[in-house]
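Colleague: What the sequence shown shows, in numbering that gives the first Met the number 0, is residues 0 to 326, in sequence order.
If you are wondering where the hints come from, they were derived from the structure by calculation, not from laboratory data. Ideal Cβ positions, reconstructed from N, Cα and C, are used throughout, including at glycine. Be careful, since some hints might not be right.
If you anchor each label on the Cβ, the simulated ranges turn out as follows [claimed, not checked]:
1. Glu166 <-> Glu286: 17 to 25 Å
2. Met260 <-> Leu307: 50 to 58 Å
3. His205 <-> Ile169: 17 to 25 Å
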Amino acid sequence: MKRILVGDIGGTKTRLALAEGEGTAVVLTEVRTYPSLHYATLELVLEEYVTQVGFPVEGIALGVAGPVSRQRAQVTNLPWVVESAALRQRFGVQCILLNDLEAVAWGLPALRGDELFSLQEGVPSEGNRAVIAAGTGLGEAGIHWDGTRFHPFATEGGHTSFAPRTEREIALWRFLQARHGHVSWERVVSGMALPELHEFLRAHEHSSIPAWLQAVLEGASAGAVLAQAALEATDPLCVELMHWFVRLYGAEAGNLALKVMSRGGVYVGGGIAPKILPLLRQPGFLESFVDKGRMRPLLEAMPVQVILTDQVALYGLALAARSSRIC
């Protein structure tokens with residue numbers, strides 16, 4: 000594999016690196032992260048990166064948080080439009096665009112054992128796989144097994160309609176529907192969802208926000224603060240919030256697993272999962288994952304693993320670029 004520039008383009012941050020390697024092994028160098036909202040366009044990020052590290056590459060492969068059509072993408076949670084033709088003209092090398100979760104799916108073969116944590120051993124077998132990843136938004140992808148090889152494919156499953164299961168979740172749906180109209184799974188399982196879930200819980204439980212927490216929320220990433228307060232057990236409502244969040248996450252992971260028929264395994268990625276691994280290891284996630292009535296035995300047989308590295312999409316972009324022969 001010749002050296003290429005790979006980039007994971009998210010609503011919060013953009014991670015760029017140089018990639019090379021052989022087989023399914025990918026070696027990344029010059030890994031750098033940029034705050035996406037600080038830049039008007041992706042081209043400005045790439046130009047800054049090239050200025051910093053140089054440009055000894057044979058191609059560019061980018062994973063974009065949004066639907067990709069004809070090598071053009073509107074980033075879902077950013078005012079960026081990305082086009083491979085424009086990037087090829089600007090930088091003088093071939094460029095491919097993938098959905099970011101499709102890139103993660105491509106990257107699974109490159110993962111080492113210490114980059115995965117098993118939540119459910121299941122009964123490992125050949126078959127389709129599924130990837131779900133909560134970060135700024137909620138991404139989902141599938142991997143079709145044709146009997147010989149895997150074929151990753153993108154979805155926009157995170158934008159399908161949220162299905163409440165309890166009276167409290169019905170109340171949450173009404174709360175969010177009044178604000179947003181369509182209530183997607185991304186509205187309840189993502190980093191941007193956490194502040195609204197917290198706001199709803201405060202109202203639902205008739206609980207006021209502690210002054211210390213209010214002060215911290217005003218100066219930092221609200222979702223990260225709420226999750227950390229739960230992990231440290233410094234606020235009971237935050238603890239309740241994150242346990243609920245984990246159950247919602249498990250429910251949608253189970254939905255995706257059934258739709259893809261992922262006998263080959265379900266992979267939980269994204270920026271949130273490694274940070275809340277102690278909560279994912281508790282019963283709530285898997286209880287919701289398998290709670291599908293008559294399909295429970297099918298889901299109990301599916302391996303479920305958490306992706307611990309934030310570089311899997313970069314691995315996948317390198318492998319996809321080699322498969323497409325741009326490098």
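Colleague: Next, verify each hint and record whether it holds.
Modeller: Right, here's what the structure says about each hint:
1. Range check, Glu166 to Glu286: about 18 Å between beta-carbon atoms, so the 17 to 25 Å window is met.
2. Range check, Met260 to Leu307: about 26 Å between beta-carbon atoms, so the 50 to 58 Å window is missed.
3. Between His205 and Ile169 the beta carbons are some 18 Å apart, a value that agrees with the proposed interval 17 to 25 Å.
Hint violations for this structure: number 2 only, all remaining hints satisfied.
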